[in-house]
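*Asks:* Each chain is listed here by its residues.
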Amino acid sequence: MSDEQLIRETLSGSNKSFGELVQKYQQQVFRTAMGFVHSKEDAEDIAQDVFIKVFHALETFEGKSQFPTWLYRITVNVCINHINKNKWQKLLNIPNDGFKSILNRSDDKKNALQQIEESEREQAIKNAIDLLPTKQRTAFILSKYEDLSQREIAEIMKITEGAVEQLLQRAKLFLRKKLTHIIGK
Amino acid sequence: MKLENYIDDFTLKEKQVESNPFLSAKILSKLDVSTEINSVKKPLPLWQKMVAAASIIIIIATGLELGNMATSDKQNNLININDTQIENLSLYISTDYEQYK
Chain A
1 MSDEQLIRET
11 LSGSNKSFGE
21 LVQKYQQQVF
31 RTAMGFVHSK
41 EDAEDIAQDV
51 FIKVFHALET
61 FEGKSQFPTW
71 LYRITVNVCI
81 NHINKNKWQK
91 LLNIPNDGFK
101 SILNRSDDKK
111 NALQQIEESE
121 REQAIKNAID
131 LLPTKQRTAF
141 ILSKYEDLSQ
151 REIAEIMKIT
161 EGAVEQLLQR
171 AKLFLRKKLT
181 HIIGK
Chain B
1 MKLENYIDDF
11 TLKEKQVESN
21 PFLSAKILSK
31 LDVSTEINSV
41 KKPLPLWQKM
51 VAAASIIIII
61 ATGLELGNMA
71 TSDKQNNLIN
81 INDTQIENLS
91 LYISTDYEQY
101 K
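Just so you know, the protein sequences line up as chains A and B, in that order. The first sequence maps to residues 1 to 185 in the numbering used here. The second sequence maps to residues 1 to 101 in the numbering used here.
These aren't lab readings, by the way, just hints derived from the structure by calculation. One or more hints might be untrue.
[As the list claims (entries may be wrong)] In the DSS-like style, the derived pairs of lysine-lysine whose C-alpha atoms are separated by at most 30 Å in a straight line are: (1) B:K30 / A:K64; (2) A:K144 / B:K13; (3) A:K85 / B:K26.
Can you make the complete structure from the sequences, with help from the hints?
*Replies:* Here it is in structure tokens:
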């Protein structure tokens with residue numbers, strides 16, 4: 001069934017149709033949320049909030065843009081609100097769980113030192129992405145995690161394709177600046 | 001570029017994380033609960049609102065009436081006390097008092 005049909009049936013009162021819509025787009029929403037929060041549990045919470053918001057706002061969807069575009073916009077807004085709400089909480093938490101992640105892995109190919117290096121590298125990349133300014137971070141995540149084209153990102157963020165290109169370039173330079181002395185070129 | 005490869009590897013790892021397969025069921029059950037709560041919250045009919053308003057007015061009016069009744073029941077009784085009989089000071093101020101001592 002097409003998105004329009006599922007939306008029409010949902011608005012007529014069919015929760016089953018909304019369930020199908022959720023199943024169709026849940027991985028998309030979850031993946032985008034993962035890009036923002038880097039945690040499976042938080043990403044699932046965000047995905048729930050997104051779809052509940054979508055359900056209640058479905059009658060305001062005018063169909064001027066594609067449903068996935070509208071869904072991406074809501075997802076990005078919910079993710080940014082979540083990050084802003086938990087900003088202070090995050091400052092108090094010590095994010096480095098490098099040793100825990102090593103213990104949980106059973107990778108015989110890599111020795112402990114390599115695993116520590118990999119874990120620290122991942123943590124550094126995570127922190128650098130989190131430090132990106134909001135618009136650059138949004139463009140970066142939609143590009144890297146969702147493999148969207150610049151045109152699609154421009155439609156979601158309601159900016160020009162040129163602006164998207166600039167944001168991606170700046171994000172790339174920012175990450176290079178933050179990570180070069182840790183990871184190297 | 002090595003750095004870009006590391007970033008790509010990292011994003012690929014996160015992209016491959018699968019969401020909970022029961023996520024849609026969780027969302028639908030949450031929606032069922034929220035629609036139940038919304039259906040219980042119905043607005044009161046007009047006659048109930050009027051009865052409530054009238055009750056409040058009656059209670060206030062009754063209170064005012066009771067207050068007025070309480071103030072009107074006060075009686076102003078005057079008690080005349082002739083304290084000249086209680087203590088006869090003339091006994092003490094009379095010059096003949098010395099005689100009685």
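*Asks:* Next step is simple, just say for each hint if it's right about the structure.
*Replies:* Cross-check of the supplied hints:
1. B:K30 / A:K64: OK: K30 of chain B and K64 of chain A at ~29 Å, within 30 Å.
2. A:K144 / B:K13: holds, 12 Å
3. A:K85 / B:K26: holds, 23 Å
Against the hints set out earlier in the document, no violation occurs for any number.
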